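Asker: Line by line, the protein sequences are chains A, B and C.
If you're matching positions, the first sequence starts at 1 in UniProt numbering and goes up one per residue.
If you're matching positions, the second sequence starts at 1 in UniProt numbering and goes up one per residue.
If you're matching positions, the third sequence starts at 1 in UniProt numbering and goes up one per residue.
Derived from the structure by calculation, the hints contain no laboratory data.
Keep in mind the model is a prediction, meaning the values are calculated, not measured.
Ideal Cβ positions, reconstructed from N, Cα and C, are used throughout, including at glycine.
Just so you know, not all the hints are guaranteed correct.
If you anchor each label on the Cβ, the simulated ranges turn out as follows [claimed, not checked]:
| hint | chain 1 | residue 1 | chain 2 | residue 2 | range |
| --- | --- | --- | --- | --- | --- |
| 1 | C | V259 | B | T147 | 30 to 40 Å |
| 2 | B | L119 | A | L320 | 23 to 33 Å |
| 3 | A | P217 | B | N7 | 37 to 47 Å |
| 4 | C | N76 | B | T252 | 41 to 51 Å |
| 5 | C | T147 | B | S129 | 50 to 60 Å |
| 6 | B | N7 | C | E52 | 27 to 37 Å |
| 7 | A | N254 | C | V198 | 30 to 40 Å |
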Amino acid sequence: MKSHITNAISDFFCEYETPRQVLVRNRRVGVVCRLIQLGVLAYIIVWVFIYEKGYQSTDTAVSSVFTKMKGVGYTNVSGEERVWDVADYVFPSQGDASFVVMTNYIITEGQKMGKCPELPGKHHCSSGSDCEGGRYKRQMTGVCVNTTKTCEVLAWCPVEDDSKIPDPPLLMSAENYTLFIKNSVTFPTFKVSRSNLVEGIDKNYIGNCLHDPKTAPLCPIFRLGDIVKMSGFSFETIAKVGGAIGIVIDWTCNFDVDVRKCKPTYEFHGLYGNPDEKDDVRASVGYNFRYAKHYLEDKVQKRTLLKVFGIRFDIIVQSLARKFDIIPTLTAIGSGVGIFGVATVVCDLMMLYLLPKREFYKNMKFKYTESQTQDPDSEAGSTETEASNK
Amino acid sequence: MKSHITNAISDFFCEYETPRQVLVRNRRVGVVCRLIQLGVLAYIIVWVFIYEKGYQSTDTAVSSVFTKMKGVGYTNVSGEERVWDVADYVFPSQGDASFVVMTNYIITEGQKMGKCPELPGKHHCSSGSDCEGGRYKRQMTGVCVNTTKTCEVLAWCPVEDDSKIPDPPLLMSAENYTLFIKNSVTFPTFKVSRSNLVEGIDKNYIGNCLHDPKTAPLCPIFRLGDIVKMSGFSFETIAKVGGAIGIVIDWTCNFDVDVRKCKPTYEFHGLYGNPDEKDDVRASVGYNFRYAKHYLEDKVQKRTLLKVFGIRFDIIVQSLARKFDIIPTLTAIGSGVGIFGVATVVCDLMMLYLLPKREFYKNMKFKYTESQTQDPDSEAGSTETEASNK
Amino acid sequence: MKSHITNAISDFFCEYETPRQVLVRNRRVGVVCRLIQLGVLAYIIVWVFIYEKGYQSTDTAVSSVFTKMKGVGYTNVSGEERVWDVADYVFPSQGDASFVVMTNYIITEGQKMGKCPELPGKHHCSSGSDCEGGRYKRQMTGVCVNTTKTCEVLAWCPVEDDSKIPDPPLLMSAENYTLFIKNSVTFPTFKVSRSNLVEGIDKNYIGNCLHDPKTAPLCPIFRLGDIVKMSGFSFETIAKVGGAIGIVIDWTCNFDVDVRKCKPTYEFHGLYGNPDEKDDVRASVGYNFRYAKHYLEDKVQKRTLLKVFGIRFDIIVQSLARKFDIIPTLTAIGSGVGIFGVATVVCDLMMLYLLPKREFYKNMKFKYTESQTQDPDSEAGSTETEASNK
Numbered sequence: 001m002k003s004h005i006t007n008a009i010s011d012f013f014c015e016y017e018t019p020r021q022v023l024v025r026n027r028r029v030g031v032v033c034r035l036i037q038l039g040v041l042a043y044i045i046v047w048v049f050i051y052e053k054g055y056q057s058t059d060t061a062v063s064s065v066f067t068k069m070k071g072v073g074y075t076n077v078s079g080e081e082r083v084w085d086v087a088d089y090v091f092p093s094q095g096d097a098s099f100v101v102m103t104n105y106i107i108t109e110g111q112k113m114g115k116c117p118e119l120p121g122k123h124h125c126s127s128g129s130d131c132e133g134g135r136y137k138r139q140m141t142g143v144c145v146n147t148t149k150t151c152e153v154l155a156w157c158p159v160e161d162d163s164k165i166p167d168p169p170l171l172m173s174a175e176n177y178t179l180f181i182k183n184s185v186t187f188p189t190f191k192v193s194r195s196n197l198v199e200g201i202d203k204n205y206i207g208n209c210l211h212d213p214k215t216a217p218l219c220p221i222f223r224l225g226d227i228v229k230m231s232g233f234s235f236e237t238i239a240k241v242g243g244a245i246g247i248v249i250d251w252t253c254n255f256d257v258d259v260r261k262c263k264p265t266y267e268f269h270g271l272y273g274n275p276d277e278k279d280d281v282r283a284s285v286g287y288n289f290r291y292a293k294h295y296l297e298d299k300v301q302k303r304t305l306l307k308v309f310g311i312r313f314d315i316i317v318q319s320l321a322r323k324f325d326i327i328p329t330l331t332a333i334g335s336g337v338g339i340f341g342v343a344t345v346v347c348d349l350m351m352l353y354l355l356p357k358r359e360f361y362k363n364m365k366f367k368y369t370e371s372q373t374q375d376p377d378s379e380a381g382s383t384e385t386e387a388s389n390k
Numbered sequence: 001m002k003s004h005i006t007n008a009i010s011d012f013f014c015e016y017e018t019p020r021q022v023l024v025r026n027r028r029v030g031v032v033c034r035l036i037q038l039g040v041l042a043y044i045i046v047w048v049f050i051y052e053k054g055y056q057s058t059d060t061a062v063s064s065v066f067t068k069m070k071g072v073g074y075t076n077v078s079g080e081e082r083v084w085d086v087a088d089y090v091f092p093s094q095g096d097a098s099f100v101v102m103t104n105y106i107i108t109e110g111q112k113m114g115k116c117p118e119l120p121g122k123h124h125c126s127s128g129s130d131c132e133g134g135r136y137k138r139q140m141t142g143v144c145v146n147t148t149k150t151c152e153v154l155a156w157c158p159v160e161d162d163s164k165i166p167d168p169p170l171l172m173s174a175e176n177y178t179l180f181i182k183n184s185v186t187f188p189t190f191k192v193s194r195s196n197l198v199e200g201i202d203k204n205y206i207g208n209c210l211h212d213p214k215t216a217p218l219c220p221i222f223r224l225g226d227i228v229k230m231s232g233f234s235f236e237t238i239a240k241v242g243g244a245i246g247i248v249i250d251w252t253c254n255f256d257v258d259v260r261k262c263k264p265t266y267e268f269h270g271l272y273g274n275p276d277e278k279d280d281v282r283a284s285v286g287y288n289f290r291y292a293k294h295y296l297e298d299k300v301q302k303r304t305l306l307k308v309f310g311i312r313f314d315i316i317v318q319s320l321a322r323k324f325d326i327i328p329t330l331t332a333i334g335s336g337v338g339i340f341g342v343a344t345v346v347c348d349l350m351m352l353y354l355l356p357k358r359e360f361y362k363n364m365k366f367k368y369t370e371s372q373t374q375d376p377d378s379e380a381g382s383t384e385t386e387a388s389n390k
Numbered sequence: 001m002k003s004h005i006t007n008a009i010s011d012f013f014c015e016y017e018t019p020r021q022v023l024v025r026n027r028r029v030g031v032v033c034r035l036i037q038l039g040v041l042a043y044i045i046v047w048v049f050i051y052e053k054g055y056q057s058t059d060t061a062v063s064s065v066f067t068k069m070k071g072v073g074y075t076n077v078s079g080e081e082r083v084w085d086v087a088d089y090v091f092p093s094q095g096d097a098s099f100v101v102m103t104n105y106i107i108t109e110g111q112k113m114g115k116c117p118e119l120p121g122k123h124h125c126s127s128g129s130d131c132e133g134g135r136y137k138r139q140m141t142g143v144c145v146n147t148t149k150t151c152e153v154l155a156w157c158p159v160e161d162d163s164k165i166p167d168p169p170l171l172m173s174a175e176n177y178t179l180f181i182k183n184s185v186t187f188p189t190f191k192v193s194r195s196n197l198v199e200g201i202d203k204n205y206i207g208n209c210l211h212d213p214k215t216a217p218l219c220p221i222f223r224l225g226d227i228v229k230m231s232g233f234s235f236e237t238i239a240k241v242g243g244a245i246g247i248v249i250d251w252t253c254n255f256d257v258d259v260r261k262c263k264p265t266y267e268f269h270g271l272y273g274n275p276d277e278k279d280d281v282r283a284s285v286g287y288n289f290r291y292a293k294h295y296l297e298d299k300v301q302k303r304t305l306l307k308v309f310g311i312r313f314d315i316i317v318q319s320l321a322r323k324f325d326i327i328p329t330l331t332a333i334g335s336g337v338g339i340f341g342v343a344t345v346v347c348d349l350m351m352l353y354l355l356p357k358r359e360f361y362k363n364m365k366f367k368y369t370e371s372q373t374q375d376p377d378s379e380a381g382s383t384e385t386e387a388s389n390k
């Protein structure tokens, strides 16, 4: 029994089966077939391996982003001078990946809870019955104020008048603020971590540099005016009504080469359309939100309401790393071999159905397990061909 | 020499090799094999190509989300009327993708830094030794206050009493607030950008619409009560203790058709379990946080502490775009051909080991490089068959 | 006509073609070829299927994270005692995935808008001409103040003096704060949702547990000191100048087994380098931001400016789920068959070009469609071999 198994194993290792093939010598089918095969080979080598780098597996990164603004703004509204520092114009203050820089505002100071008429021109009323509670999404008291012909509401009084947006924007000086971005990415599959403060971007360099797509593409300090310009906006319009800008940090890395060559690129683009467009039906223009500072004055709770117009920055990290991996390589080769098989099938179809000598080739290629009544001659022809080879 | 190479190239292009095949005429093996082959073909065409769209490559988007709440809340606590506008009830105010809408609160006004006893019933003490520093995660002074039988602590005084959550929730009016979502997505591989303000969702439409899964599925304005209902909560319970709701914006797009057909769908689901469940051992119910407003009164720093119960909305963008790509197409075809090869192997095994005429087929299929002592007859049979074909 | 089609179908189902093969009995080529084939098979089974789980498709999750800090800090600055609770030391207060815990601060109280000289030693001036507007990114008034020999600026006065960072850090007690993380993940392709409050992590458990990598790896409550230690920092240094720590929640799940086995693991690592390093040219050390509390005093707007040094926590959710899928399985098998084809090609090349009997094997394998003038003998040899088999 043991020798039986040994024999079987020995047989297994001494034998080797390989398909028998017909070598068809025919110019037409040969040229077509070789061209198809070369095409498949070129596709696999050039396209899959060189162009699309099919021998690599890919990974995207998890990332974290911190930001820090610098710069001081200055306003002079009817003689009242004041400066705006980082604690005043950045929302939120702790340096998130998504933040707003105030560029314009409508301030309503000294609001306190009470009853006051709505702004003239808002919702015209002629009697108290026009001012039923809940209409117009306000807390109505049911009184129509004679002087303004508007309903009285329970609200923070005086109510905000945001009909006129200051023009030019009050904080045009925002153009010269600078933004410092720290970004760390980790590719979990490849266990590689990188920071946008790459080799050579040290303390001294950062102290003096300013990002420029050509001369300083790796400097992580950006002038706001430059960002706005690069994203295709005019600073004055975006500063007036607000807007949203995406800062894309692109990490496209190839870890088959030195990991230090993995460096970020920065791109800037406006989100939700350009306010310069004169499209009056555009769905939603500008960017603003309301923000309140509360205080106590003479034991009364009051607040200063700011309608903040500003540039909202969204820092978006986009990443794609590649590294050699045996599995995609062999999958690409394996399915490439399969496509080679397709090429053979195409050539066979051509040979067996299109060529004048197709019956001859059919008999060369196929051997039948029983004599076929349909075409006994071609069968005979086949064996005759074999005979003639002798 | 040159003619030698030319000859070789000429030979290469005139020759074409194709495998020789046995055409087995046997109903049983034929039917089985054809069914397997048709099955493989059907799998490749129907499943891989039509159902799973294996001819397409995929991409996920990078996205940015802005939100804006509208609506006014109203409370009447022991006669004191007040309204709550967006600047009061949204945290944070600048319209992030993740934000909280306050629906209930416990207010502790006029806190100042000082020494006061803990709430009665919290940590009973009988003497100062029970009140050593650091116990109970409070800053103890080592004094046991007689009147309350609790330890004295250094804290913002008076200490907050959050044992009773207002019921019904104070800001039930939150049900009628509306939420406006702006979402922009970019598919980097396909270089396509889309916004949830798709074609047809213009200024006029947005001014009047309200999201409804059936009648207005693309309207980006949502009533809070509707969102809560669609995510399976009862508004009253979630408003009382707070909760978390995920708003999933799903971009499943096929860029082989018109890019304008790429539209978002909105889904709502509760995160971390439903507070309606009567599960007392559930790990963590509700959602709340503490928020302080600081002010100065008579030169003394004071603060108003709000324990905010609210609905936390997390806007989650989920995206999957597909587009025709030559590589997955050919990989699918190539590996499909490979599976065809598996079908042949299965049929061969059946033919060579299961059929009664297996020895006959074996000799049809195989040719041996040397005469085999084991079965000379079948060898002979094979050649006889060939002879009988003549 | 109909019978013609029926015949064709009948023929199709009764026929079956299988390649004819040469069974080469040669030890050298047999062993090499079998080893290659076994290698390919081992690669497919062991590597692709068992190690890399090539029979599964993958999915990443969308997630939402909430956090909640607990603990009270205590400072005693020149006799003035005060405590810091969650509403004071966490930014932002609503429990985001990215937040800052204040550990040290420089406070500048009672700032009001006005004109005051810059700090001595900052930018030396000798006359007003040194103080032109806009230099040094400050709003200069053009006056050089004699007493300090610095320029007068329009600013929140008095200006902040952040030259000395309190050492030891004022809020060392932050070490004992605890952080509670709630994380919910959804794998959209597999339609599975999980929360980090997995089975068994109920209210009672959470009330008492504290995360420990060995004894309580699933407890979602973390002591700040532990996190800092596990991420490789010294608490005292990071508390002094601030720093950034990434908390990675890793969901690596196999949905072919019980979904309840899908549990998170927590990892901690410092972002952007360790402040313990004595590298003076490091690009950016520490983490801080400025934060202002506004109030009104005697009708004058004032603010308290805090330069906050703190630990910034970024909670990063990393996910990869796997589940059996027919498509990657069959793609792996199909391309595996293709690689088998490569093995045959290698063995054929060896047999046809390297072996001494290569001409013999060539004639066994190939059949020519016309008599070849180059080597008529080998052709004859081929047919003789067939004859000798009889």
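Asker: Check the structure against each numbered hint from earlier and tell me which ones fail, lowest number first.
Answerer: Per hint list: 1, 2, 3, 4, 6 violated.
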